[in-house]
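Trainee: Use these hints to put chain B onto chain A, whose structure you have.
This is what each chain is made of:
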Amino acid sequence: AQTVTQSQPEMSVQEAETVTLSCTYDTSESDYYLFWYKQPPSRQMILVIRQEAYKQQNATENRFSVNFQKAAKSFSLKISDSQLGDAAMYFCAYRSDRAGNMLTFGGGTRLMVKP
Amino acid sequence: GAVVSQHPSRVICKSGTSVKIECRSLDFQATTMFWYRQFPKKSLMLMATSNEGSKATYEQGVEKDKFLINHASLTLSTLTVTSAHPEDSSFYICSARAWGLADYNEQFFGPGTRLTVL
Chain A
1 AQTVTQSQPE
11 MSVQEAETVT
21 LSCTYDTSES
31 DYYLFWYKQP
41 PSRQMILVIR
51 QEAYKQQNAT
61 ENRFSVNFQK
71 AAKSFSLKIS
81 DSQLGDAAMY
91 FCAYRSDRAG
101 NMLTFGGGTR
111 LMVKP
Chain B
1 GAVVSQHPSR
11 VICKSGTSVK
21 IECRSLDFQA
31 TTMFWYRQFP
41 KKSLMLMATS
51 NEGSKATYEQ
61 GVEKDKFLIN
71 HASLTLSTLT
81 VTSAHPEDSS
91 FYICSARAWG
101 LADYNEQFFG
111 PGTRLTVL
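Chains as they are written, first to last, in our numbering: chain A, 1 to 115; chain B, 1 to 118.
Listed next, the stretches of chain A that the computed footprint assigns to chain B, with coverage defined by at least 3 CB atoms under 8 Å from CB atoms of chain B:
#1 38-45
#2 101-109
Straight-line C-alpha distance at most 30 Å; calculated DSSO-like pairs for lysine-lysine:
#3 Lys70(A) with Lys41(B)
#4 Lys14(B) with Lys64(B)
#5 Lys14(B) with Lys55(B)
#6 Lys41(B) with Lys64(B)
#7 Lys42(B) with Lys20(B)
#8 Lys73(A) with Lys41(B)
#9 Lys42(B) with Lys73(A)
#10 Lys114(A) with Lys42(B)
#11 Lys55(B) with Lys20(B)
#12 Lys55(A) with Lys73(A)
#13 Lys55(A) with Lys78(A)
#14 Lys14(B) with Lys41(B)
#15 Lys14(B) with Lys66(B)
#16 Lys41(B) with Lys114(A)
#17 Lys64(B) with Lys20(B)
#18 Lys41(B) with Lys78(A)
#19 Lys78(A) with Lys114(A)
#20 Lys66(B) with Lys20(B)
#21 Lys55(B) with Lys66(B)
#22 Lys42(B) with Lys70(A)
#23 Lys78(A) with Lys42(B)
#24 Lys66(B) with Lys42(B)
#25 Lys55(A) with Lys70(A)
#26 Lys41(B) with Lys66(B)
Quick caveat, the hints were computed from the structure, so don't treat them as lab data. All C-beta atoms in this analysis are idealised placements derived from N, C-alpha and C, irrespective of residue type, glycine included.
The following block holds chain A by itself, in its conformation from the complex (with noise of 0.2 Å):
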């Protein structure tokens, strides 16, 4: 079974600092996505970001972007120019690509910003 694990329960950054949230994670399957989710008060859970497995470049939205190591099964998501609506709790998501497709999600990292 895949695991998934975000080994920082707690973030802090200054606002319009950079700060990133690592995650790894273990599978033996070859061919799966990678995402992080934004889960702010209002508890949505919001996409920021995903990553095909199969492809080798990062993903960027806007001013977040993930360094995906894959030999290293590492998956760490960077956002620049932090804003003090970027505090939330951060979910990292593993999801095969086999039939099901169920996420599994780490443990979550609460990132707070500093005005």
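Mentor: Frame of chain A; chain B shown alone:
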């Protein structure tokens, strides 16, 4: 597009009663819906996968007679917590996998339902 709603957003019930939570895909058809449970300050734990027109697949440790899931149409799945007890109090989140959209394999999440059992 790709909006998922849940109803109710929060519910308080007495121990021993049953509670039904609805998950609807508002602007797309969802062949598959997922039900998650989230404890305070914890991650999402998959409870079951619901496929339209067939029986749900439950994760290990989830009581299927306790958490009844029905996926009767391509836009609606329901989770019924039967004979609820205080330990069933939690935040329940559904997600739906879109059919026919460009991002077919994407899961879209509902806003969640907070269940409190007294």
